[in-house]
Amino acid sequence: MTETAIRTEGLVKDYGRVRGLDGLDLEVRTGEVYGFLGPNGAGKTTTIRILFDLIRPNAGSVMVLGLDPRTDGIELRRRIGYLADDFVVDGRQTPRELLTYLANLRGGISPVVIDELAQRLDLDLTRRIGALSRGNRQKVGVVQAFMHQPELFILDEPTSGLDPFLQQEFSVMVRQAVSEGRTVFMSSHVMGEVQRVADRVGIIRGGRLTTVEGVHQLRDRAQRRIEIVFNGKVTAEEFSAIPGVSDVQVDGKVLTCRLDGSADALVKTLARHEVVILNAEEPDLEELFFDYYDRGGSR
Amino acid sequence: MLRNSFTKWLWDNRRSVLGWAAALAGVGGMYAAFWPSIDNPEMREALENYPEAVLQALNFDEIATAAGYLNASVYGLVVGLLIIVYATSAGTRIIAGDEGSGTLDLVLAHPVSRSRLAMERFSALLVSLVLISVALLLVILALTGPARLEGISLGDLAAMHLHLFLFAALFGSVAFAVGAATGRRGVAIGTAAGVAVFGFAANGILSGIEGLGWIEDFSPFQWLNGGSPLANGVQAAHVSIMTALIFVLTSVGVWGFSRRDIGV
Numbered sequence: 009m010t011e012t013a014i015r016t017e018g019l020v021k022d023y024g025r026v027r028g029l030d031g032l033d034l035e036v037r038t039g040e041v042y043g044f045l046g047p048n049g050a051g052k053t054t055t056i057r058i059l060f061d062l063i064r065p066n067a068g069s070v071m072v073l074g075l076d077p078r079t080d081g082i083e084l085r086r087r088i089g090y091l092a093d094d095f096v097v098d099g100r101q102t103p104r105e106l107l108t109y110l111a112n113l114r115g116g117i118s119p120v121v122i123d124e125l126a127q128r129l130d131l132d133l134t135r136r137i138g139a140l141s142r143g144n145r146q147k148v149g150v151v152q153a154f155m156h157q158p159e160l161f162i163l164d165e166p167t168s169g170l171d172p173f174l175q176q177e178f179s180v181m182v183r184q185a186v187s188e189g190r191t192v193f194m195s196s197h198v199m200g201e202v203q204r205v206a207d208r209v210g211i212i213r214g215g216r217l218t219t220v221e222g223v224h225q226l227r228d229r230a231q232r233r234i235e236i237v238f239n240g241k242v243t244a245e246e247f248s249a250i251p252g253v254s255d256v257q258v259d260g261k262v263l264t265c266r267l268d269g270s271a272d273a274l275v276k277t278l279a280r281h282e283v284v285i286l287n288a289e290e291p292d293l294e295e296l297f298f299d300y301y302d303r304g305g306s307r
Numbered sequence: 681m682l683r684n685s686f687t688k689w690l691w692d693n694r695r696s697v698l699g700w701a702a703a704l705a706g707v708g709g710m711y712a713a714f715w716p717s718i719d720n721p722e723m724r725e726a727l728e729n730y731p732e733a734v735l736q737a738l739n740f741d742e743i744a745t746a747a748g749y750l751n752a753s754v755y756g757l758v759v760g761l762l763i764i765v766y767a768t769s770a771g772t773r774i775i776a777g778d779e780g781s782g783t784l785d786l787v788l789a790h791p792v793s794r795s796r797l798a799m800e801r802f803s804a805l806l807v808s809l810v811l812i813s814v815a816l817l818l819v820i821l822a823l824t825g826p827a828r829l830e831g832i833s834l835g836d837l838a839a840m841h842l843h844l845f846l847f848a849a850l851f852g853s854v855a856f857a858v859g860a861a862t863g864r865r866g867v868a869i870g871t872a873a874g875v876a877v878f879g880f881a882a883n884g885i886l887s888g889i890e891g892l893g894w895i896e897d898f899s900p901f902q903w904l905n906g907g908s909p910l911a912n913g914v915q916a917a918h919v920s921i922m923t924a925l926i927f928v929l930t931s932v933g934v935w936g937f938s939r940r941d942i943g944v
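From first to last, the protein sequence lines are chains A and B.
All you need for our numbering is the position in the first sequence, starting with 1, plus 8.
All you need for our numbering is the position in the second sequence, starting with 1, plus 680.
Don't read these hints as lab results, they were simulated from the structure.
Model, not experiment: these values are computed from the prediction.
Please note that a few of the clues may not be correct.
Computed spacing ranges between beta-carbons, pair by pair [unchecked claim]:
1. A:G214 - B:A703: 18 to 26 angstroms
2. A:V20 - B:L811: 43 to 51 angstroms
3. B:A713 - A:R114: 47 to 55 angstroms
4. A:T12 - B:F898: 53 to 61 angstroms
5. A:T12 - B:R796: 28 to 36 angstroms
6. A:R64 - B:R694: 31 to 39 angstroms
7. B:G943 - A:V20: 15 to 23 angstroms
Some residues of chain A that are not near chain B, with every Cβ distance over 12 angstroms (derived) [said to hold, decoys possible]:
8. G31
9. A67
10. V220
11. E235
12. Q257
13. A279
Ideal placement from N, C-alpha and C gives every residue a C-beta, glycine not left out.
Given these sequences and hints, build the entire structure.
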């Protein structure tokens, strides 16, 4: 087993005049959950489609599980599980028909596995797919992605169609797969979707990877919204000068601001006043994520 | 039936295939059953008053025998046109239709090669065309007595249906190949429809124009019933042309499909 599950170097993909990927360097380590984040149109789906050899890059190299999707695609796809954001299939068949066919394409999958997964997700295998709700259709997708116990999961916005209960169950399944040494590559435009499960996060924007960081580091470096209630009047000027503090607003005895990084300088300034309430919000990675977008844009 | 993409295609299209087989056999049988009402002196006289060009355009110029009538108004007209509709729509669906509805990605994310998927599905389409041709063959056979279709041997009837099968497969392969190579449903249907219109016009109308007689040799309709397989058996040249074209078209389609990007 190779150390790197997915590696791309200088990946470029043009759609006519529009550039989909602009030199993407990506590295996903074996056994990790990698959150691939970016706004719609940033190149997430383009990247995933290249990994499956559905489309071919104009330049750059791709290796997945040590194989080239272009030349060893069949062998490679045997070892990957794929789930798209919206699982669309011909609605005139039942989940059992579809899953049996897909299992036969892979070969060597027991029907029992399909039954077990369906039971776990509370999916009725006998109703026509066309008559299922979007969430139930997505369950069919989850079953086909997990049924062959792949080494690598490539999930394109996987939980967008799932209800909260299923998102929870899905997270459990992902974590279980990782505990067995499997790798998960998960794209999303919503931070919260990957926050629960990801080890590392890569942020893609305009077809390039702008940031790669551990989820915890991201959180440590995040901006927090701070609210302080004093026992007396304060001025905004005194606090605006503190390193890391921005967006200071004073309303009588109440001060709100944003804190970026260390809280030390702020705390030392506060020590000169009588503080009644100090309220620091846990950073929402969602907000953090937009923050990264903004910085990427101003670069 | 869910073992591979060949049987899966037949299973998924079972209703459509059975429906078309019934429709084609029904309509073809109905037209064939009109023969006794046309085979009378009054009708002949009426037809003789039509201008030669009109008769030729409508394929009615050899209507004096049962074989000529079936050739002209059943195979050359209603059955021929209907089977083009089926073959074109099924051929388009194989790749371009599946791609257009966004359902092709899932199968291609599995360990199958594009060329194998395309060939298995196209083979299934050929099987469906055999079923449809055989259904009509059985109906015509059953009508030989009741509809007084004298003078047609079983061998010649089978020959006609071989031509019909290849004719349909040709349109299926045009739609399949264009759809597979471009991924565009509209282009695939449009091309097949264009070939059909040209072929129909070339066979009936254009070839009647002074100096344009040669053009009918390029019409699929000529390859379908030119030389009257119903009276004279298999027309080797036409069978060869259609077989070769089907082979070339499917090869080009599969080649193009393997090389291009799959649409979102």
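Against the structure, the hints come out as follows:
1. A:G214 - B:A703: 18 to 26 angstroms: violated, 54 angstroms
2. A:V20 - B:L811: 43 to 51 angstroms: With a Cβ separation near 48 angstroms, V20 (chain A) and L811 (chain B) satisfy 43 to 51 angstroms, so the hint holds.
3. B:A713 - A:R114: 47 to 55 angstroms: holds, 51 angstroms
4. A:T12 - B:F898: 53 to 61 angstroms: holds, 57 angstroms
5. A:T12 - B:R796: 28 to 36 angstroms: Roughly 30 angstroms apart at Cβ, these two residues keep to the hinted range, so it holds.
6. A:R64 - B:R694: 31 to 39 angstroms: holds, 35 angstroms
7. B:G943 - A:V20: 15 to 23 angstroms: Given about 19 angstroms between the Cβ atoms, the range holds.
8. G31: Answer for G31 (chain A): holds, closest chain B Cβ roughly 19 angstroms.
9. A67: With a cut-off of 12 angstroms, A67 (chain A) remains clear of chain B, as the shortest Cβ separation is near 15 angstroms.
10. V220: For V220 (chain A), whose nearest Cβ neighbour in chain B is about 25 angstroms away, the distance exceeds 12 angstroms, so it holds.
11. E235: holds, 45 angstroms
12. Q257: The claim stands: Q257 (chain A) keeps its Cβ more than 12 angstroms from every Cβ of chain B (closest is about 45 angstroms).
13. A279: Check passes; 58 angstroms lies beyond 12 angstroms.
In summary, the structure is inconsistent with hint 1 from the numbered list given earlier, while agreeing with all the others.
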